[in-house]
Amino acid sequence: MSPEDRIRQAILTRLETDMQRALYGSLTTTTVEPEKPLDFNKMLRECERVVRAARREQIVFRADFSHVGPMLKIETPNDGSVIELSFFQAQQVHSQWPLRLHKVLDRFAAEFVPATPFDRFVPAILPVPPFDVNEETDG
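Terminal number for the sequence shown in my numbering: 720, no gaps in between.
Hints should not be assumed to be uniformly reliable.
Computed list of lysine to aspartate or glutamate pairs in EDC-like fashion (alpha-carbon distance at most 20 Å, straight line) [said to hold, decoys possible]: (1) LYS684 x GLU638; (2) LYS623 x GLU638; (3) LYS654 x GLU692.
None of these hints come from the bench; they were simulated from the model.
Bear in mind that the values here come from a model prediction, so they are computed numbers and not experimental data.
Put together the whole structure using the sequences plus the hints.
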């Protein structure tokens, strides 16, 4: 093989790898080295790490009928940020940042999370208490 052919082959291999990364993301079979196989336990640990990171970044708005005063922000190492507020304050947040009902805690308290573009329906006004405790939510 001539030096030109080797250079051409190296360029084609590099372009193919870059195209695979662009199409399939950075995790392709070409990024796994043969001497370091990716076994089930390593993959499971990596998935758990990604889930923990996502949970730390989530925000939950806990609206309570009996809450008075300013909003309270609670940081937890595993569950992200919880912001406690009244339903009036939750409605003000909802007017700027759409929220959806995540969980009914009791008759006079509920949790709301930020709505995503994938949510089917986001009401203009948040639901207010009293809630049916057996009410099912989609979150």
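A quick look at each hint next to the structure:
no. : hint            : result
1   : LYS684 x GLU638 : holds, 18 Å
2   : LYS623 x GLU638 : violated, 23 Å
3   : LYS654 x GLU692 : holds, 14 Å
Checked against the numbered hints above, the structure violates only hint 2.
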